[in-house]
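Student: Based on the hints, put chain B in the right spot on chain A.
Number of protein chains: 2
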Amino acid sequence: GCTHIPERVPLCLDLLPALRGEDTTKSFFQELVNILLSYVCKSFRRSSKVLDFHHPHQLREGLEGFSLELPDQPENLEQLLVDCRDTLKYGVKTGHPRFFNQLSSGLDVIGLAGEWLTSTANTNMFTYEVSPVFILMEEILLRKMQEIVGWSEEEGDGVFCPGGTMSNLYSVLLARYHFFPEVKTKGMTALPRLILFTSAHSHYSVKKSAAVLGIGSDNVVVVKCNDRGKMITAELESSIITAKDQGCVPFYVNATAGTTVYGAFDPLNAIADICESHGLWLHVDAAWGGGLLMSKRHRVKLQGIERAWSVTWNPHKMMGAPLQCSAILVKKRGLLKDCNQMCAEYLFQTDKHYDTSYDTGDKTIQCGRHVDVFKLWLMWKAKGSEGFESQVNKCLENAEHLFDKLKQRPDFELVFKSEPEHSNVCFWYIPPSLRNMSPGPERNRRLHEVAPKIKAKMMEQGMAMIGYQPLGDKVNFFRCVFSNPATQTEDVDYLLEEIASLGHDICIRTETDL
Amino acid sequence: GCTHIPERVPLCLDLLPALRGEDTTKSFFQELVNILLSYVCKSFRRSSKVLDFHHPHQLREGLEGFSLELPDQPENLEQLLVDCRDTLKYGVKTGHPRFFNQLSSGLDVIGLAGEWLTSTANTNMFTYEVSPVFILMEEILLRKMQEIVGWSEEEGDGVFCPGGTMSNLYSVLLARYHFFPEVKTKGMTALPRLILFTSAHSHYSVKKSAAVLGIGSDNVVVVKCNDRGKMITAELESSIITAKDQGCVPFYVNATAGTTVYGAFDPLNAIADICESHGLWLHVDAAWGGGLLMSKRHRVKLQGIERAWSVTWNPHKMMGAPLQCSAILVKKRGLLKDCNQMCAEYLFQTDKHYDTSYDTGDKTIQCGRHVDVFKLWLMWKAKGSEGFESQVNKCLENAEHLFDKLKQRPDFELVFKSEPEHSNVCFWYIPPSLRNMSPGPERNRRLHEVAPKIKAKMMEQGMAMIGYQPLGDKVNFFRCVFSNPATQTEDVDYLLEEIASLGHDICIRTETDL
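Top line first, the protein sequences correspond to chains A and B. As numbered in UniProt numbering, residues 1 to 514 make up the first sequence, in order. As numbered in UniProt numbering, residues 1 to 514 make up the second sequence, in order.
Chain A with its partners taken away, still in its complex shape (with noise of 0.2 Å):
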């Protein structure tokens, strides 16, 4: 008789490096991507669910064998396989064309193209020798954007950084620095008391910055918004003398463009001269508006913008671009290394035989960092500006349109009548037992419950996702947001009828249930 011998199943270990380990690697990344693109494909189809919601202990107890669990002895290839799937399986589709949950939404393949690129060359952004193109990239991308912000060719600095909270965080970093060379070695201590100003409709990463840099939340004056979300300039004059008044030395404000709730427009001209007259440094958060000047259309939006001594604007919300691509610009050339340099010799030696002013690691607070410009790139090379034009003005489209259909519904209320500035819509669904009762603190009790109940049942229905908050005296309210250009009309239609059914019976308890 004969002897099976039982073939082994491929493990790790033989795929590359190992001897021969060529063509068990190519085929594991076949069917690697195959499970990609099949989700891809998915995320795309209306018929495809957002997602499949599970609760923290019911994904921690293994779902149909799901384990989370980390091993002692390696898991085999064909395993491996299915966990890929299954993590894919039990996530969120955040490319899916009604997913409106988050600002940064939509899965633009040729970025995903640029990401697996990226991962591939698996390097550094600290210095030329190990990342000789992405520097030049990030170099070239820095100067196109500082351009379209309207800087002239003798002005202008950046980095790329995680994300726009880290972004707002270099700016004050820098506008410190700048009034205060000696904090770097002297500390705080040396300094009298600061004074911030943004926003009550602004970013919490301005408080958050200024509690992680020392200089303390309590010192971030928030200046009052109008009813559209914006910051009253007259607030903000009077504030800064009233810091002066008492001792305090004011120097920095942040002017929003584009609010994450309202997606308002801080009047950029207005406050830039008040900064101008009281020597402050004006920092832009275009984190989410930042897009818009890619729009010949809509930059008006941002007028002034160009008079901003920094700017934050993240690709990664209106231009599509994948997580995480996030962009501090700074006017003044030579001030993020100033501030940031410290010369560690094991990386960023004088005596390297190429021109090291392109070891940018130094302008950075990071040392080691992820290249995040590859992605944009190519995608600019695969659109053009053009196209990112015309992707912008398609989501405000989009935008455009559900303001006009929730003017015309009984069933649904605006959190404010004016036309959206960006692609941000609020706005309430009022359930038939709230129609007819007049305003007042019994109505905006129950009204505050709607919005969460009617999330509640749309993740576990999974077919479509939208967040809401509170802000100020507005109770809950539901903030559709476009930053997909897969979104369609239709899929702003469902979404309206999605809420309306799923509210028409949810349960909000009166007064008497309490």
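Check the hints yourself; a few may be wrong.
For chains that are exact copies, the list does not tell them apart, and a pair is met inside one copy or across any two.
Said to hold, decoys possible - Listed next, the in silico BS3-like pairs over lysine-lysine satisfying Cα-Cα at most 25 Å (straight line):
1. Lys352 - Lys457
2. Lys332 - Lys407
3. Lys89 - Lys352
4. Lys301 - Lys457
5. Lys474 - Lys417
6. Lys352 - Lys144
It is worth saying that the hints were derived from the structure and are not from the lab.
Tutor: Only chain B this time, still in chain A's reference frame:
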């Protein structure tokens, strides 16, 4: 006659989400994957070059039609694939078995698979609702790493950060908040003069953190090291006492487990004793050395790490995970959240339908955060803890091999004589003209020029890559590090031959030439 209607060259607009875009998308990715996998295979082949060096101006000028400029109009898909090929061609193969230039090297193909999936999922680590699976994987990985560090089940918290410098920054931020929670709102001006301690051989990120956080780099006391690069604990203790005598407030000590250049391990238990007796926060920067915890043979070098209040550990270094993958581990649970939370209501609503303690974004100083955990999770599944152990052991065996070879060769000189503790080996190549010179300033001056000259020739040739630097009173020397499991002893031998052959004829200016 017949009219020829030329077929349009496909553009990115023909890819998904275009109608009938699936086939074009799949075939575009198929071609891309061929390019990427052929690069991966080449990376492991010793016959291929590590790099094809060009100066910045050469790349900017557009080599063989490789234009880096950003167009207004779209490029076609064929051209994009050419761009991808060129991007890889002019880059550096950091996975090549003869790339010794950085602490992070190697191309782990499972890690790479993990990155491809991560970018396909394209989501954000701030909330459970958009990253359910990844949030749980992060929790499980952090827990595992804390267990390996030696913390009990009741203690331990953490977060993955964009690089070790950010992880170290977290440690200083948390220490400051732990002792002076009022700093978050009031800033540093409310605090006494704080002092940090770190060794002369430690990473520059400790000073950088002090500068960024408003503590000031002058308030970092640099503690002397012994010849082997280890912190002298008597010096630490006397520095602490001196600082106290001067009316300052010592609060934080950074001990390094695996220094950047020498690969030295500070005596953790002795430092922990000092920290304990003075009530100081002990941070262990094990960015580079943490990987040794996976090895039963080598983890003894980190004895005492369990006494740290926080630990930096970069799996993208010794464990070979793709860039970036760095964890800050914190012993005191809840501190990260208390220190960093800002409770932004648009993101961290508390009226969600799931357990919102899984919305970990408020623990971080970022807002959006890249998914850095999946690749590590997948690698752990693929290798098991034991796979990491043998990988680490192998890298250290390569270092031992290099050390033994160097001892035998008259044309090389070791920077310090003791056995390598980590995989760093530091040495000079001594060209013939210097071999019989007596020690002194002139020999040092000449020797200082040797490594840069050899490195320049090596990069032009492109067959290997290694770093050099001066340190303290040691003039430029080579630092070889091993973290790439693809590297074999034959590659180590090759490196020495390459250096000797490039260095044999180099021209060093004598004093009279100057």
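Student: For each hint, tell me whether it holds in the structure or not.
Tutor: Hint by hint, here is what the structure shows:
1. Lys352 - Lys457: between (61 Å within a copy, 11 Å between copies)
2. Lys332 - Lys407: neither (46 Å within a copy, 52 Å between copies)
3. Lys89 - Lys352: between (49 Å within a copy, 22 Å between copies)
4. Lys301 - Lys457: Close neither inside one copy (37 Å) nor across copies (53 Å); limit 25 Å.
5. Lys474 - Lys417: within (14 Å within a copy, 70 Å between copies)
6. Lys352 - Lys144: neither (28 Å within a copy, 41 Å between copies)
Comparing the model with each earlier hint shows violations of hints 2, 4, 6; every other hint is respected.
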